[in-house]
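Which chain is which? The protein sequence lines are V and L, in order. According to the numbering used here, the residues represented by the first sequence are 89 to 335, in order. According to the numbering used here, the residues represented by the second sequence are 7 to 267, in order.
Please note: incorrect hints may appear among the correct ones.
[What the hints assert, rightly or not] Pairwise CB distance ranges, derived in the manner of DEER restraints:
1) I300/V <-> I119/L: 54 to 64 Å
2) E208/V <-> K18/L: 26 to 36 Å
3) I26/L <-> T310/V: 47 to 57 Å
4) A246/V <-> F24/L: 35 to 45 Å
5) K267/V <-> K18/L: 31 to 41 Å
6) Y15/L <-> K267/V: 21 to 31 Å
[Stated by the list, open to error] Far from chain L, some chain V residues (derived; all Cβ distances over 10 Å):
7) G121
8) S130
9) I154
10) G161
11) Q165
12) D171
13) E186
14) T190
15) D202
16) K210
17) N216
18) K268
19) R286
20) I312
21) F320
[Unchecked claim] Taking beta-carbon pairs under 7 Å as the criterion, some of the chain L residues facing chain V (in silico):
22) K170
23) F177
24) P191
Hint data in this document are derived by calculation from the structure and do not stem from the laboratory. Where is the CB? At the ideal position from N, CA and C, for every residue including glycine.
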Amino acid sequence: MDILKVKNLRKTYHTKKNEILAVEDFSLNLKQGEFVAIVGPSGCGKSTILSILCGLDKASSGKIEIDKNLKFGYMLQGDNLFDWRNIYKNCLLGLELENNLTKENINYVNKLLDTYGLKEFKKAYPNNLSGGMRQRVSLIRTLATKPDILFLDEPFSALDYQTRLAVSDDVYQIIKKEKKSAIMITHDISEAISMADRIIVLTKRPSKIKNIYEIKLTNRSTPIQNRKAKEFAYYYDKIWKDIDYHV
Amino acid sequence: MYSNEHKKYLKKIKINNFLIRFTQILIIFLIIFLWQYAANHNLINTFISSSPKEIVKTIINLYKDGTLFHHIWITFYEVIISFLIATLGGILIATLLWRFKFLSKVIDPYLTILNSLPKVSLGPIIIIIAGASAKSIIIMALFISIIITIINVKQAFNNVDENKIRLLKSFKSKPHQIFFKLILPSNYNNLINVCKVNIGLIFIGVIMGEFLVSKAGVGYLIMYGSQVFNLNLVMTGIILLSVMATLLYYLIVFIEKRLQK
Ligand SMILES: Nc1ncnc2c1ncn2[C@@H]1O[C@H](COP(=O)(O)OP(=O)(O)O)[C@@H](O)[C@H]1O
Ligand SMILES: [Mg+2]
Chain V
89 MDILKVKNLR
99 KTYHTKKNEI
109 LAVEDFSLNL
119 KQGEFVAIVG
129 PSGCGKSTIL
139 SILCGLDKAS
149 SGKIEIDKNL
159 KFGYMLQGDN
169 LFDWRNIYKN
179 CLLGLELENN
189 LTKENINYVN
199 KLLDTYGLKE
209 FKKAYPNNLS
219 GGMRQRVSLI
229 RTLATKPDIL
239 FLDEPFSALD
249 YQTRLAVSDD
259 VYQIIKKEKK
269 SAIMITHDIS
279 EAISMADRII
289 VLTKRPSKIK
299 NIYEIKLTNR
309 STPIQNRKAK
319 EFAYYYDKIW
329 KDIDYHV
Chain L
7 MYSNEHKKYL
17 KKIKINNFLI
27 RFTQILIIFL
37 IIFLWQYAAN
47 HNLINTFISS
57 SPKEIVKTII
67 NLYKDGTLFH
77 HIWITFYEVI
87 ISFLIATLGG
97 ILIATLLWRF
107 KFLSKVIDPY
117 LTILNSLPKV
127 SLGPIIIIIA
137 GASAKSIIIM
147 ALFISIIITI
157 INVKQAFNNV
167 DENKIRLLKS
177 FKSKPHQIFF
187 KLILPSNYNN
197 LINVCKVNIG
207 LIFIGVIMGE
217 FLVSKAGVGY
227 LIMYGSQVFN
237 LNLVMTGIIL
247 LSVMATLLYY
257 LIVFIEKRLQ
267 K
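Make the full structure from the sequences, and use the hints.
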């Protein structure tokens with residue numbers, strides 16, 4: 089069952105000086121529970137695609153089919169926590185905005201905080217948390233409104249390498265455990281292979297789909313473990329060549 | 007609980023802070039002492055420079071007249087009223103400009119012109135329109151501080167992290183939610199700073215206004231003193247002003263600390 093269908097998405101930006109064709113042709117079908125990664129050279133239009141999908145921006149043409157009852161959660165670069173709110177209040181932000189602070193929802197947030205190791209930090213402020221913990225809070229804030237599809241726009245790019253590995257492991261497991269579908273943008277090929285069920289490689293701007301890979305790893309488990317799978321290098325090599333970095 | 011080294015460190019900080027305070031107070035006393043000494047030994051012309059003793063005497067006389075607190079109150083009243091209108095009004099207008107970008111762009115050049123205009127030059131017009139009363143003084147003070155308040159607050163509001171706004175929009179927030187959940191709280195420190203700057207500007211405006219029109223107030227004391235060559239009165243006025251301005255400044259700092267808890 090496809091819960092999201094995107095067909096021939098196209099986006100032109102208009103500025104005073106010129107118009108920029110950011111996305112030329114993008115299509116995607118997302119299945120329930122699937123984790124799709126989008127990779128491509130920087131500036132190729134990845135963020136553009138995501139903000140169109142979650143309704144922050146309008147496509148120039150193309151078709152997006154989605155069940156009206158489905159809800160989105162959007163996580164963008166950095167954790168964007170509010171320094172003046174404690175962790176608990178940060179997590180309730182989305183519910184507050186949606187006027188949806190029901191007992192049930194609050195219990196759900198509490199449960200998420202407890203389950204994912206933030207029980208003792210509810211009263212703490214973001215400044216006192218490590219980068220990895222902040223990222224987890226940011227994810228819980230997104231999950232609090234019970235979205236069906238998560239859109240992740242380079243969510244870990246502000247973290248250092250070690251933390252990044254650990255956090256992507258964390259976030260991945262949370263997403264899987266809560267049975268969410270997700271579309272994640274990243275420019276880190278290894279990250280994409282280790283997390284995604286499917287990878288869409290984009291060309292440079294104006295972006296089109298260059299290649300699509302179903303990622304099949306032996307003994308698929310957590311992202312960190314997946315990096316040791318024997319197919320890993322194969323995919324890496326392929327995608328690396330697709331992206332064709334020039335330095 | 008703490009190691010000895012840490013205790014030593016804390017003690018050192020305490021001693022250092024104490025020394026700073028002590029030296030600050032010492033300087034005041036030294037100035038007062040030297041001033042009085044110079045006056046007593048005719049090293050300075052007390053007719054022009056007055057002396058601490060004369061100032062105290064003047065204050066006591068004003069107090070006995072029953073006019074001391076009257077003048078202080080008048081000035082204080084004008085300052086508070088203009089401060090509240092300028093700060094709240096400025097923030098309100100800046101909010102509208104943040105919300106309605108078209109309006110903001112239209113008004114931008116006018117703000118720049120008004121901001122670079124020396125506001126004193128408006129004095130005569132204000133007096134003609136509003137009359138030689140406290141009203142004119144308040145309007146004067148408003149002009150001096152509200153334009154810069156609008157400009158600063160608007161800029162601060164527009165500087166809020168675009169990603170955080172996108173985040174809120176992804177939760178389908180309405181503009182008023184973005185304002186109250188993000189714009190306002192994230193600019194808390196900026197707003198406090200605007201208040202601190204405004205207190206200073208408002209004093210300038212009020213005293214200038216009182217120079218021009220008033221029949222009472224600390225600015226009037228200074229003006230009157232200079233007209234009758236009573237420099238004691240002028241100095242007294244200046245001292246009263248610096249005390250008042252300092253007190254108001256610390257009032258804001260106090261409120262700031264209170265709100266932080
Ligand atoms: N609001 C905008 N107005 C004009 N051009 C834009 C805007 N947003 C993005 N672009 C341009 O569109 C292209 C794609 O941007 P983006 O989607 O952010 O790329 P990516 O996320 O893949 O790095 C870039 O060349 C960028 O300059
Ligand atoms: Mg991007």
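How the hints compare with the structure:
1. I300/V <-> I119/L: 54 to 64 Å: holds, 58 Å
2. E208/V <-> K18/L: 26 to 36 Å: Holds, at about 34 Å.
3. I26/L <-> T310/V: 47 to 57 Å: About 56 Å separates the Cβ atoms of I26/L and T310/V, which means 47 to 57 Å holds.
4. A246/V <-> F24/L: 35 to 45 Å: Holds - the Cβ-Cβ distance for A246/V and F24/L, about 43 Å, lies within 35 to 45 Å.
5. K267/V <-> K18/L: 31 to 41 Å: With a Cβ separation near 57 Å, K267/V and K18/L fall outside 31 to 41 Å, so the hint is violated.
6. Y15/L <-> K267/V: 21 to 31 Å: Given a distance of about 53 Å, which is not inside 21 to 31 Å, the answer is violated.
7. G121: Since the minimum Cβ distance to chain L is about 22 Å, G121/V lies beyond 10 Å and the statement holds.
8. S130: Non-interface label on S130/V holds, nearest chain L Cβ at 17 Å vs cutoff 10 Å.
9. I154: The claim holds: I154/V sits with its nearest Cβ about 15 Å from chain L, beyond 10 Å.
10. G161: Since the minimum Cβ distance to chain L is about 8 Å, G161/V lies within 10 Å and the statement is violated.
11. Q165: Given that some Cβ of chain L is not farther than 10 Å from that of Q165/V, nearest at about 7 Å, it is violated.
12. D171: D171/V is in fact no farther than 10 Å from some Cβ atom of chain L, at 8 Å.
13. E186: Per Cβ check, E186/V is inside 10 Å of chain L; nearest 6 Å; violated.
14. T190: holds, 16 Å
15. D202: At about 23 Å from chain L, D202/V clears the 10 Å cut-off, so the statement holds.
16. K210: K210/V clear of chain L: closest Cβ-Cβ about 19 Å, beyond 10 Å.
17. N216: At about 16 Å from chain L, N216/V clears the 10 Å cut-off, so the statement holds.
18. K268: holds, 15 Å
19. R286: Label holds. Min Cβ-Cβ 24 Å, cutoff 10 Å.
20. I312: With a cut-off of 10 Å, I312/V remains clear of chain L, as the shortest Cβ separation is near 28 Å.
21. F320: holds, 32 Å
22. K170: Since chain V brings a Cβ to about 5 Å from K170/L, closer than 7 Å, the hint holds.
23. F177: Constraint on F177/L satisfied, holds at 4 Å.
24. P191: holds, 5 Å
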